[in-house]
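Peer 1: So the chains spell out like this:
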Amino acid sequence: MSWKFDRTRLITPALIVGFVLIWHFYVTWFNVSKFIVPPPLEVWDALVELLTTPSTLRHTWATLYETLLGFLIASVIGVALGTMLGKTPWLERAANPFIVATQVVPKVALVPLFILWFGFGPESKIVVAAVLAFFPILTNTVLGIKSVDFGHRDVMTVLNANRWQNFVSLELPSSLPAVLAGMEVGIVLSIIGAVVGEYLGGATGLGYLLVASMNNYKVGMLFAVILLLTIIGFLLYLLIGALRRLVIPWHESATINERAAKV
Amino acid sequence: MTSSTAPDIRLAGVEKRFTADERTVLAVDRTDLSIRAGEFLVLLGPSGCGKTTMLRMIAGLIRPSAGTVYIGQHDLWVGSERNSAVTKDLGVVFQDANLFPWFSIEKNVALPLKLRGVQRKERLAKARELCQLVGIGGFESAWPRQLSGGMRQRAAIARSLSYDPHILLMDEPFGALDAITRDQLNLELQRIWLKQGCTVVFVTHSITEAAFLGDRILLLSPRPGRIDTEVVVPFPRPRPTSIQMLPEFQAIVQRLRERLEAIT
Chain A
1 MSWKFDRTRL ITPALIVGFV LIWHFYVTWF NVSKFIVPPP LEVWDALVEL
51 LTTPSTLRHT WATLYETLLG FLIASVIGVA LGTMLGKTPW LERAANPFIV
101 ATQVVPKVAL VPLFILWFGF GPESKIVVAA VLAFFPILTN TVLGIKSVDF
151 GHRDVMTVLN ANRWQNFVSL ELPSSLPAVL AGMEVGIVLS IIGAVVGEYL
201 GGATGLGYLL VASMNNYKVG MLFAVILLLT IIGFLLYLLI GALRRLVIPW
251 HESATINERA AKV
Chain B
1001 MTSSTAPDIR LAGVEKRFTA DERTVLAVDR TDLSIRAGEF LVLLGPSGCG
1051 KTTMLRMIAG LIRPSAGTVY IGQHDLWVGS ERNSAVTKDL GVVFQDANLF
1101 PWFSIEKNVA LPLKLRGVQR KERLAKAREL CQLVGIGGFE SAWPRQLSGG
1151 MRQRAAIARS LSYDPHILLM DEPFGALDAI TRDQLNLELQ RIWLKQGCTV
1201 VFVTHSITEA AFLGDRILLL SPRPGRIDTE VVVPFPRPRP TSIQMLPEFQ
1251 AIVQRLRERL EAIT
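Chains as they are written, first to last, in our numbering: chain A, 1 to 263; chain B, 1001 to 1264.
In isolation and in its complexed conformation, chain B is listed as follows (with noise of 0.2 Å):
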């Protein structure tokens, strides 16, 4: 929630085209963007759009064909390798919760950070008091088979908040759950946001969740992929669940089916 209007995040000319079978396919189109630090940006768009592409490549999962990523000030990636002295302040959040099997709730919640060399004592303290947060207090030490599916996904959640990331990337994070636990979920996200404050970067293909979520909602068209439409959304922090049944945003989803229905 900072008032700083620099950009954050900064896509230059960038495209991804795959090739398979000597086919090659555009999947994303030349696109600029500059994403402002702070701000909730939603990527909302018909499955095969993109969207997903284009959050991977500002994760730095895959490379771009052309341009560039710029996180800050700085290129994504050195050469073949990703940039670690800016990627190190990304934190992903996938449609698949991904936690390891292997380790406890906590534990995983505790991996990134391990992996920088955290001590342990420190580090799930840390991670306890994450698992209050996103509300799964109590099942610190269990296996996360044993949980339900929205409740892996708040531990993901934690799991990329452990090292304070200025930036979160989420790929349709409440994709494979129910609509009861979407909302809920959506809820708590915008609460942890406001606290965290940090920068979000969205990608849902339910229109009522990038309304409901959204600073600014980029409508993607597919094959190739682009940018077809920007929508801000106005309303003011915390939005409680009722500010759907208002006519303003009955009118913003409005206008997104309309123009979605016009691109597929």
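If we strip away everything but chain A, and leave its shape as in the complex, we get (with noise of 0.2 Å):
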């Protein structure tokens, strides 16, 4: 039992040697141009020079600030509008059309227009990425709150429960999962979001800093500032994780996450 445990744990690092492998092996016998893509050994050098420039802290977090707060934003808003658009019905339905409007907007087109509004610095992409994130953190929490199950409606009916009891005991709580749900994908689009307004406007973060790789045909630093951003994503996915276990330790999606980690 124990011995077959560890070989499936061998999979996913074998799998990563192989791709860099490959890669490697790909790029010298193809002799693929280092503009197009860069040996991974150069990638490797890149990233030491990335992580050991101490300018790299200050753009990190300048892209981790503005990616936390826009998202802190988005869910703030986001599940309080929510659940009121799910208590009231007939709010619901006159809001309906503007949502699925501002819904389908390419929100990333807004961007030039909030730097016109807020400016090169932070604040721009704070609400990039707020944006971003809101929508499906919005959407999320209204069929949270709407799919409530009907014998546990019942059951707070016959307890005499009063609005607020419905909503702390009730309400609140079975629609978490969902919020959550929301939450997962609202934090990987504020990334996107704090990334793309740094495309545009001023000169900090991880964004710029891609975009500064570029301009000056660094392609194996272009690589290492993906790798980091990856990096970066993945943890706050994984705070989004630990989140669910903390909040909702009860839902199966938790358990799901804890075997995911295991593994």
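Hints should not be assumed to be uniformly reliable.
Said to hold, decoys possible - Within a straight-line C-alpha distance of at most 20 Å, the following computed SDA-like cross-link-like pairs (lysine to any residue) qualify:
no., chain 1, residue 1, chain 2, residue 2
1, B, K1107, A, A212
2, B, K1088, A, I240
3, B, K1107, A, P173
4, B, K1107, A, T157
5, B, K1107, A, Q165
6, B, K1107, A, E252
7, B, K1088, A, V48
8, B, K1107, A, L246
9, B, K1107, A, K218
10, B, K1088, A, Q165
11, B, K1107, A, T56
12, B, K1107, A, R153
13, A, K218, A, T56
Said to hold, decoys possible - Label pairs and their computed distance ranges (CB to CB):
no., chain 1, residue 1, chain 2, residue 2, range
14, B, G1138, A, E252, 38 to 46 Å
15, A, V247, B, G1117, 21 to 29 Å
16, A, I77, B, Q1184, 48 to 56 Å
17, B, S1047, A, A101, 43 to 51 Å
18, A, N162, B, G1048, 49 to 57 Å
19, A, R163, B, G1138, 49 to 57 Å
20, B, S1047, A, L238, 45 to 53 Å
21, B, G1079, A, K87, 16 to 24 Å
22, B, G1048, A, R163, 30 to 38 Å
23, B, P1234, A, L91, 52 to 60 Å
24, B, K1121, A, P249, 16 to 24 Å
Hints are computed from structural coordinates only; laboratory data are not their basis.
Keep in mind that this is a model prediction, so the values were computed, not measured.
Don't be surprised by glycine CBs; every beta carbon is placed ideally from N, CA and C.
From the two separate chains plus the hints, produce the assembled complex.
Peer 2: Next up, the structure:
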């Protein structure tokens, strides 16, 4: 049993090593220009350079700050508004065309507008991160509040629960799995928002670093920054997973993450 | 188990119509019914005969289209609101346990007390006591999803008993369970009922379950739902499972089965 378990644990590292090897031999054997795909060793050198450059911390912190603050704003407004819409059917009906309209607008197209309004500083990026994360959180909260089990409602009716008690003991906990699913999508969109915001304005953040690397033909560095962003995204995703285990330990999804974390 | 003969629950000309897609269906025809305090009354009938509708009207979960439901001397409804002065005395157990998955078992059992503002320590002590009573001691801190269907239903019964209701309404509470668990829970329900002394209205489509549990059985006929036959079950309490072997018991079952076949 145990040796078999150990073997399955090796699959993921083996896949990564295999991928890097294929990458390396592809680039060397087919003479791929290092301005198109640099070899893994060059990316590794660039990554070491990136991580040892003092200004990297500042850039990472800027992106992280914009992402998290944008996400936080989106969560607070998304959950509050979602709860309100979910509990007030006529309001949801009235607001629905607007929600759909703002959802189908390619929000990245609004980035220049936000920079115009909020400047080249972190504010415009926070707004972009918040706007992108807002909709999945809002729609999931509405869905969560509306899909409260009828049997559970009957229990609360029988017990003469008032509106507040219904909200605290039934609607809120019942909608949390959906809210957290929205947040899981939202946090990833927040990073995208912050990075895209940095493309277009300002001189800080990992998004800026990407554009600067491209302009200087430092393709290895470009790959290194992408790798760093991926790691940050992964860590933030894990953060939501941890939040899930903390907030909804009763839900099946919490144990699924537990199992996934063990592998 | 009071000897009082004053009706605890009374249905006066109660009727329920459902309207869907401009078609009206008479679910429960004009019904008059009195249930004594402490009585164990069983509503028996095939699915779709309106027995659940009747129970939900007694629970105040749906309003009759006509007529009045009285709990004690009081109307169950005040205007369009449930009369909380009388509904606080009603406990309901559904076919699904309907436990809240985000609460542990003891917190589920203590939920009614929490809603009534009972202190945390006091309500959890009461919950643990009830878990013992219904036979799920040791599972107080488990999540509902970790328990079997039978154990979840025991917890649901404990929850409905937590505030000592005078009236316990049960809508096919053991309908989704296997036959062995069901027999066991029937036996325990009888024990709990004898200890608590509440009035029970129990909905089922199982004839043997009805005959084993009921002081009185009302057989309902379908479309529209109305009381067809009333059968009084005379056996003394507590009834052992072996009672089902007695010829008198078999005779009651036989009589109900024949009538049931005639009306469906």
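Peer 1: Evaluate each hint against the coordinates.
Peer 2: Against the structure, the hints:
1. B/K1107 to A/A212: Violated, because 57 Å separates the two Cα atoms, which is more than 20 Å.
2. B/K1088 to A/I240: Cα-Cα ~41 Å, so violated.
3. B/K1107 to A/P173: Between B/K1107 and A/P173 the Cα gap is close to 14 Å, so the pair holds against 20 Å.
4. B/K1107 to A/T157: 18 Å, holds
5. B/K1107 to A/Q165: Holds: B/K1107 and A/Q165 sit about 15 Å apart, inside 20 Å.
6. B/K1107 to A/E252: The given pair, whose Cα atoms are some 19 Å apart, holds under the 20 Å limit.
7. B/K1088 to A/V48: 69 Å, violated
8. B/K1107 to A/L246: Judged against 20 Å, a Cα distance of about 18 Å means the pair holds.
9. B/K1107 to A/K218: 60 Å, violated
10. B/K1088 to A/Q165: 16 Å, holds
11. B/K1107 to A/T56: Answer violated: B/K1107 to A/T56 is near 50 Å, above 20 Å.
12. B/K1107 to A/R153: 17 Å, holds
13. A/K218 to A/T56: 15 Å, holds
14. B/G1138 to A/E252: 38 to 46 Å: 23 Å, violated
15. A/V247 to B/G1117: 21 to 29 Å: 26 Å, holds
16. A/I77 to B/Q1184: 48 to 56 Å: 52 Å, holds
17. B/S1047 to A/A101: 43 to 51 Å: 46 Å, holds
18. A/N162 to B/G1048: 49 to 57 Å: 34 Å, violated
19. A/R163 to B/G1138: 49 to 57 Å: 36 Å, violated
20. B/S1047 to A/L238: 45 to 53 Å: With Cβ atoms ~49 Å apart, the hint holds.
21. B/G1079 to A/K87: 16 to 24 Å: 23 Å, holds
22. B/G1048 to A/R163: 30 to 38 Å: 34 Å, holds
23. B/P1234 to A/L91: 52 to 60 Å: Since the Cβ atoms of B/P1234 and A/L91 sit about 59 Å apart, the hinted range of 52 to 60 Å holds.
24. B/K1121 to A/P249: 16 to 24 Å: 23 Å, holds
In summary, the structure is inconsistent with hints 1, 2, 7, 9, 11, 14, 18, 19 from the numbered list given earlier, while agreeing with the others.
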